[in-house]
Amino acid sequence: MSRPETGKPPLLDVKDLTVSFGGFAAVKNVSFTLQPGEILGIVGESGSGKSVTCRAVMRLLTGAARAQGTVALDGQDLLALGEEELCAIRGRDIGMIFQNPASHLNPLRRIGQQVAAPMIRHLGIGKREGLLRAVKLLEDVGIHEPEKRARSYPHEFSGGMKQRAMIAAAIGCQPKLLIADEPTTALDVTVQARILELLKELNRKTGLAMILISHDLGVVADICSRVVVMRNGEVVEQGPIDDVINRPRHAYTRLLIESQPGRKSYGSVGSPDRGKSLLRVENLSVTFPAGQGLLGGNSFRALDGVDLEINTGETVGIVGESGSGKSTLARSIIRLNTPSGGAIRLDGQDVGALAGEALTAFRRRVQMVFQNPYDSLNPRLTIAEAVAEPIWRHGIADRKTAREEADALLEMVELPGSLRDRKPQQLSGGQCQRVGLARALALKPQLLIADEITSALDVTTQAQILELLVRLQRQRSLTLLYISHDLAVVSSLCQRVYVFKAGRIVEQGVAQQVLSTPRDPYTQALVGSLARLPTTQTIPLSQGVATHAT
Amino acid sequence: MPLLQLIARRLLQLTGVLAGISLVTFLLLHMAPGDPARLLAGERASAETIAAIRSQYGLDLPLWRQFLTYLANLFSGDIGLSLRFQRPVSQLIEQFMWPTLFLTVYVICLAVPPTVALAILGARRPGGVADQIIRLVGIAGLTIPVFWLGIMMSRLFGVSLGWFPVSGYGAGFIGHLHHLFLPAVSTAIWLVPVLTQSLRAALIEKTTADFVTAARAQGATERQIFWQTMLPNAVLPTLNLLGVMVAFMIGGAIIVETVYAVPGLGTLMVNALLGRDYYVVQGLTLVFAVSTVLITLLVDLLSAFIDPRVRL
Chain A
1 MSRPETGKPP LLDVKDLTVS FGGFAAVKNV SFTLQPGEIL GIVGESGSGK
51 SVTCRAVMRL LTGAARAQGT VALDGQDLLA LGEEELCAIR GRDIGMIFQN
101 PASHLNPLRR IGQQVAAPMI RHLGIGKREG LLRAVKLLED VGIHEPEKRA
151 RSYPHEFSGG MKQRAMIAAA IGCQPKLLIA DEPTTALDVT VQARILELLK
201 ELNRKTGLAM ILISHDLGVV ADICSRVVVM RNGEVVEQGP IDDVINRPRH
251 AYTRLLIESQ PGRKSYGSVG SPDRGKSLLR VENLSVTFPA GQGLLGGNSF
301 RALDGVDLEI NTGETVGIVG ESGSGKSTLA RSIIRLNTPS GGAIRLDGQD
351 VGALAGEALT AFRRRVQMVF QNPYDSLNPR LTIAEAVAEP IWRHGIADRK
401 TAREEADALL EMVELPGSLR DRKPQQLSGG QCQRVGLARA LALKPQLLIA
451 DEITSALDVT TQAQILELLV RLQRQRSLTL LYISHDLAVV SSLCQRVYVF
501 KAGRIVEQGV AQQVLSTPRD PYTQALVGSL ARLPTTQTIP LSQGVATHAT
Chain B
1 MPLLQLIARR LLQLTGVLAG ISLVTFLLLH MAPGDPARLL AGERASAETI
51 AAIRSQYGLD LPLWRQFLTY LANLFSGDIG LSLRFQRPVS QLIEQFMWPT
101 LFLTVYVICL AVPPTVALAI LGARRPGGVA DQIIRLVGIA GLTIPVFWLG
151 IMMSRLFGVS LGWFPVSGYG AGFIGHLHHL FLPAVSTAIW LVPVLTQSLR
201 AALIEKTTAD FVTAARAQGA TERQIFWQTM LPNAVLPTLN LLGVMVAFMI
251 GGAIIVETVY AVPGLGTLMV NALLGRDYYV VQGLTLVFAV STVLITLLVD
301 LLSAFIDPRV RL
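Residue numbers (full-length UniProt numbering), protein chains in the order written: chain A, 1 to 550; chain B, 1 to 312.
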């Protein structure tokens, strides 16, 4: 599949594309071509200009953006088109799908109408015919009971179904090119795998050419035949995917590959001597009231009889998709959620029964780092103040000494001293997450809970944060509870792992073992969904992709 | 059908609200200064006469029995007798209701089209010349007191130019339109800026919404995007605001109706208050409260019709 057919003129030819916002050039002299039937990947971190490039191709940028260069689709320069000609091409010759399907669907219109709209607009068919075709398309993209579902509204769809509906709307007019801007980033891994499968199948069956934008090299390697690597608005490397991955020429590409979760082991496996039990969770259940009916309605069980144990000095991973209850567990341990049954014991003491002085002591021993680095820091405090706050609040030191300790902590998480008086919004996501770590460590906790702390970060930043975490753990003999949706990260970091599904533990064991020989069908699905780079230069990649697609 | 479920649920809630309203209006009269029996009998009545009136009207019964009687009367449509006009309050309200309703609908018709037009104009280029002018003129319209504007307009258009009558309700539909034009315009002048600011802000927020980008990527023209995607998504907050304003106008048309001598509920309210016509005040309070509840219900149903997520 998707081998460029040489000799044919390219479908899309981007030459010296430069996009600037005011004086700032977000994309600089980017050139690439796309052959008919080919899938091209564009990889880069946030801010690398990959999305801007594709939006410039579609001319979707705001009025403040200036695009120069040429973008030729079948020889026609898109940058020179008038509004009317542009509308005739958008959705007709080029379809586009986006990162967050939930916000890209109009919440007020039925799915069927939204899928039918581009066809009614471009193909001159009637509403009834459009709806009939929309139902057919929904069926094609794998939505069950398409006739019924076409009458649903977006909020009645799950994330994966919304993305399928977006794909259906994008391919309705049988475009020549589909631009997919991070199409699976907002989705769970198993859903991601199915959406990628669907895209591959579309490419194979209809010869639809695609540009896939992703920050995830694993995803790109899974589906693309060629890849463009971008950084700071420039193309640093491009070529066939197996060349780029196995023989990267640019240092940045190498870093990107190195940072892939699962490529790297963080070497924390070195403490197999089982310490004594620190935290025990016994038959824990948490229920939330659901629905707002007058008579209470039925309640939702976020956690259902969970048992787990964490020993001193251990790194324990918790893996599961969104809604599996892993964050609820973390919040229950630090008493942000009240259990409806079962108990949590720290050193044998029931956490739920703590009060007063004992509770304060417990809070010092157990600290948490949160998922969103920006939201979890007070925007009005400088980062040094944010780190110092827990120290003086707990009466460990006066404010002045706390400030000095904060400086030491910031240094420990490798933040330069020049940043100490900045506010969170002046920092990058990775820097903020370091602040979050420093703040959590300020009280010298025994147990650190890390809830998806890298999921909002780029892969290279993620790798740095994980390295930092491992170093801190070794230095301070921390016990770590690491929560993530990413099995690859967990397995490279943790000694033991618990797999959560729908509020229950479906599998537990030594991390490497769970990853290599999963026993539960759900874990098998999780492992199978991992879009990973081939580990070494063993598999010629184009061939590997081809077998995958059949 | 979720929409029907919503209506059923809201109607159920409505009965509770109505019960509360009737209790409050009932207590209102009892907390008012003065004894209704003395008011009826006159200042110089003997103690026996007052006692006789008290027992005749049931005023000597315990409060809860009086409330039950009041409720029973409410159900049969009897909300008392006007002391001044010696006519049933319900008749009075029905007579004075139409000018107020006409005025309210008139104001809505006058206010909504310019609101939409101005909001679009302002939102097209936020901070641009048009936007600034609209905002400045809007603030001016908001700050001018309605009574002053009313007096000025009736002097200019009514007295000096003689284009519009300065008082009354007129006869027939055209007559109503003619007579109520100045009052409606004076009200619309402060209503339009409020609604415009709300709609403009919502429109600006929606111009950068992801689904607008998606619609553009699917080849929709700017006109289609505006009417089919942006406006329906932006209109809900303004619709809710309009509901509040309309409810307020029905109960709060006092100034405009007094200035232009419109024989509406506001005028009736003022006269009843000045004349201590307690049962009329009670009846009007009830009507205002019920109309507010009904308008809120109507707005909620409209919102649910526009936005399926509201039905949850």
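Treat the hints with caution; some may be incorrect.
List of simulated lysine to any residue pairs, SDA-like, C-alpha gap at most 25 Å [unchecked claim]:
hint : chain 1 : residue 1 : chain 2 : residue 2
1    : A       : K148      : B       : I255
2    : B       : K206      : A       : K176
3    : B       : K206      : A       : A186
4    : B       : K206      : A       : S158
5    : A       : K127      : B       : Q228
6    : A       : K176      : B       : V212
7    : B       : K206      : A       : D375
8    : B       : K206      : A       : T185
No lab work stands behind these hints: they were computed from the structure.
To see whether the hints hold, each was checked on the structure:
With a C-alpha separation of about 54 Å, the suggested pair K148 (chain A) and I255 (chain B) falls outside the 25 Å cut-off, and the hint is violated. For the hint pairing K206 (chain B) with K176 (chain A), the CA-to-CA distance comes to about 30 Å; that exceeds 25 Å, so the pair is violated. Of the pairs offered as hints, the one joining K206 (chain B) and A186 (chain A) holds, with about 22 Å between alpha carbons and a cut-off of 25 Å not exceeded. For the hint linking K206 (chain B) to S158 (chain A), the alpha-carbon distance of about 23 Å falls within 25 Å, and the restraint holds.
Our distance criterion of 25 Å between C-alpha atoms is met by K127 (chain A) and Q228 (chain B), whose separation comes to about 15 Å. At roughly 23 Å between alpha-carbon atoms, K176 (chain A) and V212 (chain B) fall within 25 Å of each other, so this suggested pair holds. About 24 Å separates the Cα atoms of K206 (chain B) and D375 (chain A), which keeps this hinted pair within 25 Å; it holds. Distance restraint check for K206 (chain B) and T185 (chain A): the Cα-Cα separation of roughly 23 Å lies within the 25 Å cut-off, and the hinted pair is therefore satisfied.
Consistency note: the structure conflicts with the earlier hints numbered 1, 2.
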